Amino acid sequence: MTLKDLSNAIYPNVNLTVDEILKKYPPRNLKNGQVVTRYAPSPTGMMHIGNFFQMFISYSLRKTNGGVFFLRVEDTDEQRTVKEAAQVIYQVLDKFGIKPDEYQTLDGKDIGNYGPYVQTQRLQIYQAFAKKLVAEGKAFPCFCKKTEGKADVLEQRKTKFVENDEREYDPCRDMPIDEAIKRIKAGEKYAIRLKTKNIGTERVKFYDLIKGEIEAKANAKDFVLIKNDGVPPYAFAHAIDDTLMGTTIVVRGEEYIGSTPMHIELFEALGFKPTIYCHNPLIWKIGENGNRRKISKRYDPEFNMQFYFQQGYPNDAVFEYLLNLISSKFEKWRFSNPNAHWSQFKFDINDITAVSPVFDMVKLNDISKNVFAKMSATEVYDGWHNWAKEYDLALAKELESNKEKYVMLCNIDREKPKPRKDIYCYGMIKDYFDYIFARPTTTELENGDEEKYAEFVKAYAKDFKLASSKEEWFEGVKKVAMELGYAVDNKSYKENPTLYKGNTAKACEFLRLALTGRKNSPDLYEIMQVLGESEVKHRLDI
RNA sequence: GGCCUCCUGGUCAAUCGGUUAAGACGCCGCCCUUUCACGGCGGAAUGAGGGGUUCGACUCCCCUGGAGGCUACCA
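Positions 3 to 544 (our numbering) are the ones given, in order, by the first sequence.
Warning: the hint list may mix true and false statements.
[Stated by the list, open to error] Result set (DSBU-like, lysine-lysine): computed pairs, CA atoms no more than 35 Å apart in a straight line:
{"id": "1", "residue 1": "418", "residue 2": "407"}
{"id": "2", "residue 1": "539", "residue 2": "521"}
{"id": "3", "residue 1": "25", "residue 2": "197"}
{"id": "4", "residue 1": "460", "residue 2": "405"}
{"id": "5", "residue 1": "399", "residue 2": "423"}
{"id": "6", "residue 1": "467", "residue 2": "503"}
[To be verified] Ranges between beta-carbon positions, derived for each pair:
{"id": "7", "residue 1": "448", "residue 2": "353", "range": "47 to 57 Å"}
{"id": "8", "residue 1": "355", "residue 2": "442", "range": "39 to 49 Å"}
{"id": "9", "residue 1": "330", "residue 2": "463", "range": "54 to 64 Å"}
{"id": "10", "residue 1": "330", "residue 2": "430", "range": "21 to 31 Å"}
{"id": "11", "residue 1": "108", "residue 2": "476", "range": "55 to 65 Å"}
{"id": "12", "residue 1": "457", "residue 2": "355", "range": "57 to 67 Å"}
{"id": "13", "residue 1": "520", "residue 2": "96", "range": "37 to 47 Å"}
{"id": "14", "residue 1": "201", "residue 2": "298", "range": "32 to 42 Å"}
FYI, nobody ran anything at the bench for these hints, they're computed from the structure.
Nothing here was measured: the structure is a model prediction, and the numbers come from that model.
Note that CB positions come from ideal geometry on N, CA and C, so glycine has one too.
Given these sequences and hints, build the entire structure.
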């Protein structure tokens with residue numbers, strides 16, 4: 003019995019040979035400097051900010067000079083894979099306008115020549131490579147019981163290295179070929195493990211685009227290539243897929259740095275050229291106790307990308323914020339190109355920060371305010387309306403039936419050289435302008451001002467007419483104020499405040515309180531225009 | 001236990017051996033504005049600690065500390 007016999011006994015239904023496979027995946031035709039990147043999510047039912055961050059790095063790298071960005075679904079973990087979860091990923095990408103060059107459609111059609119782009123549809127390929135490795139004596143079948151959960155591993159670790167034994171050889175690696183074949187034929191389940199060629203003293207070097215050169219202990223473990231259900235874990239699928247699919251830069255989370263030596267030995271065993279890695283940092287949060295912690299599903303709504311849709315953040319704001327985290331050069335670029343679209347920013351791999359950033363909502367909001375400030379009134383209206391159609395149907399209807407009014411509302415302090423910066427997501431607009439939708443029931447009137455307030459509102463209501471210009475409106479406020487004994491001239495008011503009931507600012511405050519219930523609102527004249535004469539009269543109790 | 005990564009203001013961060021250690025957000029103050037804002041100007045606030053190397057260290061080296069990751073038939 004030979005290794006060839008053993009190899010034949012394994013996965014007898016796999017007829018594809020490695021040579022045939024390699025023919026099907028010819029090297030890509032790339033021009034100088036073009037890169038192939040990919041986004042390879044596990045369909046767990048959600049796309050979170052960390053995934054998205056990584057996807058965006060990958061996507062941006064491709065963008066610089068052509069090349070290919072593809073999507074590969076890594077559904078090899080039965081436990082974690084959620085049915086229909088790929089939909090969520092597609093949906094998020096679609097909403098953000100990210101289009102992979104190659105992917106598999108939801109109804110199973112592969113777009114691109116290097117598919118299938120879903121890993122569970124590639125099992126024959128993985129198994130064919132496994133057979134080859136077994137034939138070459140670089141891998142072997144393992145009949146051991148599966149290690150269950152992490153508890154076992156932790157237990158092992160206590161004793162594992164006491165003798166300074168750096169190797170972790172699997173007992174099955176030296177099983178006689180005859181016995182292995184017999185057990186396979188008998189129907190025993192088996193995994194395939196790599197037969198590491200290392201003894202634990204070797205070192206490896208690899209280059210990471212973000213961290214630079216990294217040197218580490220080489221792998222000396224007979225790790226699993228194919229699980230006993232015939233499905234490969236991450237490492238084997240990664241080595242094969244990213245080679246066959248011609249990925250030139252593998253962007254993945256920095257949690258993979260530690261297992262890269264394993265991947266390197268695997269590439270070598272398979273006879274593949276090693277790839278270039280780009281291990282991106284993770285995103286953090288400041289916890290309630292002031293400590294850093296990983297951003298989490300449970301405590302941080304902004305973890306899930308759906309959050310940004312639900313709140314109604316413009317896509318551009320999210321992208322600009324992420325760009326801000328990815329590259330420190332972006333902000334500088336934004337400053338010198340205030341009106342350019344973010345996609346014109348030249349993304350350089352060398353600028354990617356190596357440090358895990360802390361997510362800062364306040365900064366996101368600031369960036370988003372700037373995005374809104376550049377929009378026209380109709381753009382804001384349309385975005386708001388589209389958002390409402392999905393998340394607030396009643397509001398959507400209201401916006402439709404009074405379009406002119408709401409475009410006017412969206413235009414307050416907008417479409418001018420220095421627009422107001424207040425709105426940062428569509429979801430906040432309704433609350434922000436709640437007094438537009440209904441007469442306020444409470445006011446922020448200060449204690450002690452009640453009489454003056456009532457007096458002013460009454461006087462203002464007396465000859466009220468909706469002004470047709472801001473100047474006219476302001477003159478109107480001043481006139482009423484003056485007649486009641488308010489200061490017309492701010493200087494004299496400041497010199498002798500006790501001589502007056504207040505200044506024009508105070509008068510405006512009263513008017514604002516009457517109409518909006520607040521001491522703080524956008525331009526009152528414009529708000530009155532939006533409310534319209536009859537509604538203003540109503541609020542002045544005319 | 002072993003291996004690896006990271007460490008400049010509250011946050012994002014520039015510097016790639018020589019600077020009064022940029023800039024942005026946030027915070028505070030002032031100015032502009034006789035509405036709310038926008039805006040303008042200014043301020044407080046940073047090299048984890050300790051050793052080296054060097055004329056000179058945030059930058060290079062070592063140690064300590066802190067944070068995180070990997071060490072699964074998870075990714």
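Each hint, compared with the structure:
The hinted pair formed by residue 418 and residue 407 meets the criterion: a straight-line CA distance of about 19 Å does not exceed 35 Å. The straight-line distance between the Cα atoms of residue 539 and residue 521 is roughly 19 Å, inside the 35 Å bound, and the hint therefore holds. At most 35 Å may separate the alpha-carbon atoms for a hinted pair to count; residue 25 and residue 197 meet this at roughly 27 Å. Restraint check for residue 460 and residue 405: the C-alpha separation of about 32 Å stays at or below 35 Å, so the hint holds.
Between residue 399 and residue 423 the CA atoms are separated by roughly 26 Å; this keeps the pair inside 35 Å, and the hint holds. For the proposed pair residue 467 and residue 503, the alpha carbon gap of about 24 Å is at most 35 Å, so the pair holds. Between residue 448 and residue 353 the CB atoms are about 51 Å apart, so this pair conforms to the stated range of 47 to 57 Å. Between residue 355 and residue 442 the CB atoms are about 46 Å apart, so this pair conforms to the stated range of 39 to 49 Å.
The hinted window of 54 to 64 Å between residue 330 and residue 463 holds, with their beta carbons roughly 56 Å apart. Between residue 330 and residue 430 the Cβ separation comes to about 29 Å, which falls inside the hinted range of 21 to 31 Å. Checking the proposed 55 to 65 Å range against residue 108 and residue 476 shows it holds: the Cβ atoms sit about 58 Å from each other. For residue 457 paired with residue 355, a C-beta distance near 59 Å keeps the hint of 57 to 67 Å intact.
Hint check: residue 520 to residue 96, Cβ distance near 39 Å, so the stated range 37 to 47 Å holds. For residue 201 paired with residue 298, a C-beta distance near 40 Å keeps the hint of 32 to 42 Å intact.
The earlier numbered hints are all upheld by this structure, with none contradicted.
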